[in-house]
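*Asks:* Take the sequences, apply the hints, and build the full model.
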Amino acid sequence: MTIKPDDQRLTAYALGELEPAESVQLEALLKENPSMAAEVAAIREAAALLEGELSATPALELSEEQRSRVIAGGDEPGQKIITPGPDAFSRTSRWLGITAAAACVMAVSAIGIKQFLLDEKQAVTESLAHDQFAADKTAENKAVKALPVTIDSRVVDLALNAVADESKLSLRKEMPEGLADALPEIAHSAPPGEKRAFQQQVAKSKPRPTVPAANAISAGIEKHAFDGIASSRGAAIGLPEGKFSQGEGQGRARQNAQQAKLKTATAVGHANRPLKENLGLEANGFGVDDVKEKKKFEQLKTRTAAGSERFGRLYDTPFFQAFERPLSTFAVDVDTASYANVRRYIGRHGQLPPTDAVRVEEMINYFDYAYPQPEDSRHPFSVNLEVAACPWEKGHRLVRVGLKAREMNPGKRPASNLIFLVDASGSMNSPLKLPLLKSSLAALTRNLTEDDRIGIVTYTGNAGVALDPVHGDLKEKIIDVIDGIGVGGGTNGAGGIRVAYDLAAKNYIKGGTNRVILATDGDFNVGITDNGELSKFVKDRSEKDGIFLTALGFGEGNINDERLEQIANKGNGEYYYIDCAKEGRRVLVDKLSSTLVNVAKDVKIQVDFNPAKVDSYRLIGYANRRMKAQDFRDDKKDAGEIGAGHTVTALYQIVPAGAAKEEGGVAAVKTESRYRKVADADARKAALVDSDELLTVALRYKAPDAGLEDEATEFAIGLRDSMKGWEDSSQDFRFAASVAGFGMQLRESEFRGMLDYDLLLELAGEGVGEDENGLRKEFIELVRKARKITK
Amino acid sequence: MSENGNTDKREKLVRRALEEFEARLIGYAASILRDADRARDVVQDTFIKLYGQDPGKIEGALKAWLFTVCRNRCLDILRKEKRMENIEQEQVAQIHDKAEDPSRLAERSDEHSEVMRFLERLPENQKEVLRLKFQGEMSYKEISEVTSLSVSNVGFLIHAGLKRLRGMLSHQAA
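Which chain is which? The protein sequence lines are A and B, in order. According to my numbering, the stretch in the first sequence is residues 1 to 791, in order. According to my numbering, the stretch in the second sequence is residues 792 to 965, in order.
Treat the hints as calculated values from the structure; they're not laboratory data. The model shown is predicted, which means the values in this text are computed figures rather than measured ones. Warning: the hint list may mix true and false statements.
[To be verified] For lysine to any residue, the following SDA-like pairs were computed, each having C-alpha atoms within a straight-line distance of at most 25 Å:
#1 A:Lys475 / A:Gly532
#2 A:Lys510 / A:Arg446
#3 B:Lys918 / A:Ala41
#4 A:Lys477 / A:Ala442
#5 A:Lys475 / A:Val487
#6 A:Lys777 / B:Pro846
#7 A:Lys785 / A:Gln731
#8 A:Lys791 / B:Lys848
#9 B:Lys854 / A:Glu19
#10 A:Lys788 / B:Pro846
#11 A:Lys4 / B:His962
#12 B:Lys932 / A:Ile3
#13 A:Lys724 / A:Ser691
#14 B:Lys840 / B:Arg829
*Replies:* So this is what it looks like as structure tokens:
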């Protein structure tokens, strides 16, 4: 096989279109021919770029009307009754009156079992038509009887009858005594949270009634329907492929069902642990799904970072018990790099990101939330608290802490003194790096004014001062210099970063923004090679000279995510990952004020939980931003910065006091010691202050130009739990929850409860709101794509 | 297969098609028609047409079917337009003015997306296969089915298109 650089087979190979035999041949050839291999790499890069840009075009959707017309098969909407799709289903059932909704839920649960018994593959919602369903019932019973293993047919009947009950069919006599009456009562009395949970179990089973999901359904029915029937024999169903087992005894079955209810959701995707253990069920028929799940799990587990990309190890924050540990403290974070990274992996490469690349808080904070501006002129940001039902764990609450910094009038942006510190090393020579970097910086430059000053320093290659700071209105000159940045081979970047900080210091604008903007793909030959020394340098200069740092990450295969985030943190700065021109614009043009102008620094949040109301709590995300409680008031301890107009959102998942006993305290950290007496309930109670509040959020911050020794300002806000359900939560609350959920799902967090992609899509759909910039719709697309990848 | 079962299958197929291909088809149609609204209409028609098909026959080649139908519909519209253009040139020109050109749309939201600008500069046939490949996420074979070009022809066009694109990009980067 001979091949020239211009052979179209190279392209076919790069795109995975070559026949396997030829592919092998070519591969061997490439090994001996580096220039040819480089050609292939370049083709791939161009392809990735094109693909990224094409998928980044504005979300294209049919209008609602067009869509319903399509679903109706060309008829005018409303004329033809067809089964609603998953979206339509959730919309209708969710907002119906309680009775209707609960009945509907029952119906779906019943169908869930029916389908599951008979045809696992058939989608549950496809047969929502109740009447048809009721008609099928006889056949159904026959089918059940025909199966080789015995089952307490009352369970199936119960499920079926629940549907029939709605149309008042005369099936009451077949029901266990008391049940017929119990049903409507359940329907009425189910509190919103439970209803939600119930629906989730159903929603979960919609596309793919897996064993655990079906168990969740059976558990749900078991719990809700049988509670009213003291004498009934509990039965647990839960086997695939048409096999059945019977709960061995009432108590056991009840207990199993309880456990199953809690743990089933977690079991999905964790199938490497024996499911039996997860579910607490005697399981005989799990073989097939077990293998499938296991395979999937391993597939997920082997998700690795592309090339030599590096991501720091992250561990999810566990639940802590409020009584033992009432204070939760963390530094705010407005970085958004992780979301852009996740988008790159899923959107462009069609693979799930490495779990450590997913920082949940950065995903949440990527989006704008409509928190009001601060009314209180004493503080530069408003604090917006909200609490509602946690959508992925029954009975739990979700608390949102949302900060909104004062917006800056674009005309009033203080003058900026910016030094671009540009990586011009050889590795930047690719379409996704240098050209993107240049166009991003050029975009920023176009928005500068006469009052601003810009300088450019390059490191590695042609290291040195490329542009002595000039006023911002000399745009053409600045852009010329940006355009002229070329890559050079060497790695002698003597003083790159020092020169940049020195220039910034020399041109310091008092009362203005003074920043070094580091743009790199992760090569850190900035003149200081030692990691610790670099961090220290950046920290010192931010403290001494008041010069902050913004880190912009570019490109693929080499990105040193962890280090970029770290150094931005030390340098009182932010880290953004620029995956496409659109993101460059977002960060450097649309959000210019937030990116450049801080309204507060060293912002810390401390949440004080009331143990009378909160059994345990968990901070979602911010894993590497947590602080010791005593550092909250140590004003020398560095924390996060907030830029003008920035929103910062943090979520806590809370196990309410009382709820935990029933559910075994979830994963709260046990702090019992053999040398310590366990405080009994009375002693605990005596130790508590009487208060209705769920928690208090305290904030501490410094003015952006405050020095190391200056004292910080502090204020606090209390929160009572209004006990509202998910359906009463705000759209921003829902959307933030769905983003957090997506992050947890991608991280395979052990705390993700009953989350799965379908539920996530539902939650996000309910929170999408007006979505002016289309970013939330893009998020939904991303979740869809992730679901497709996982399938 | 009973009639009922077929209807079920059909609905399932349409729903799957919507979920997986809605955005990609509209993007593709918009690139031919240079008008997002008309692209939506075409895609709506495509899906409705799908509804009338025998699902058993299409299931296996859904993507190719959708893109083929969508493409033909787009080309029909363009042909019709051309005829009209001769008659009522002025009127059509007006429609064109109002029409949302996707490349312009993309440019507005992101004026520095050089790649999209470069893509627009490529010859029509290269542009189309590149879009099918990277927007439609199709294989050479699927593209060949949609465009009735031979597989090797598709391979050549993609190769040549990417190469030109790279040329423009590196020229810009240098």
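*Asks:* Each of the hints needs a verdict: does it hold here or not?
*Replies:* Structure-based check of all given hints:
no.: 1; hint: A:Lys475 / A:Gly532; verdict: 37 Å, violated
no.: 2; hint: A:Lys510 / A:Arg446; verdict: 23 Å, holds
no.: 3; hint: B:Lys918 / A:Ala41; verdict: 21 Å, holds
no.: 4; hint: A:Lys477 / A:Ala442; verdict: 11 Å, holds
no.: 5; hint: A:Lys475 / A:Val487; verdict: 22 Å, holds
no.: 6; hint: A:Lys777 / B:Pro846; verdict: 30 Å, violated
no.: 7; hint: A:Lys785 / A:Gln731; verdict: 23 Å, holds
no.: 8; hint: A:Lys791 / B:Lys848; verdict: 24 Å, holds
no.: 9; hint: B:Lys854 / A:Glu19; verdict: 22 Å, holds
no.: 10; hint: A:Lys788 / B:Pro846; verdict: 21 Å, holds
no.: 11; hint: A:Lys4 / B:His962; verdict: 22 Å, holds
no.: 12; hint: B:Lys932 / A:Ile3; verdict: 23 Å, holds
no.: 13; hint: A:Lys724 / A:Ser691; verdict: 19 Å, holds
no.: 14; hint: B:Lys840 / B:Arg829; verdict: 16 Å, holds
This entry does not satisfy hints 1 and 6, going by the numbered hints stated previously.
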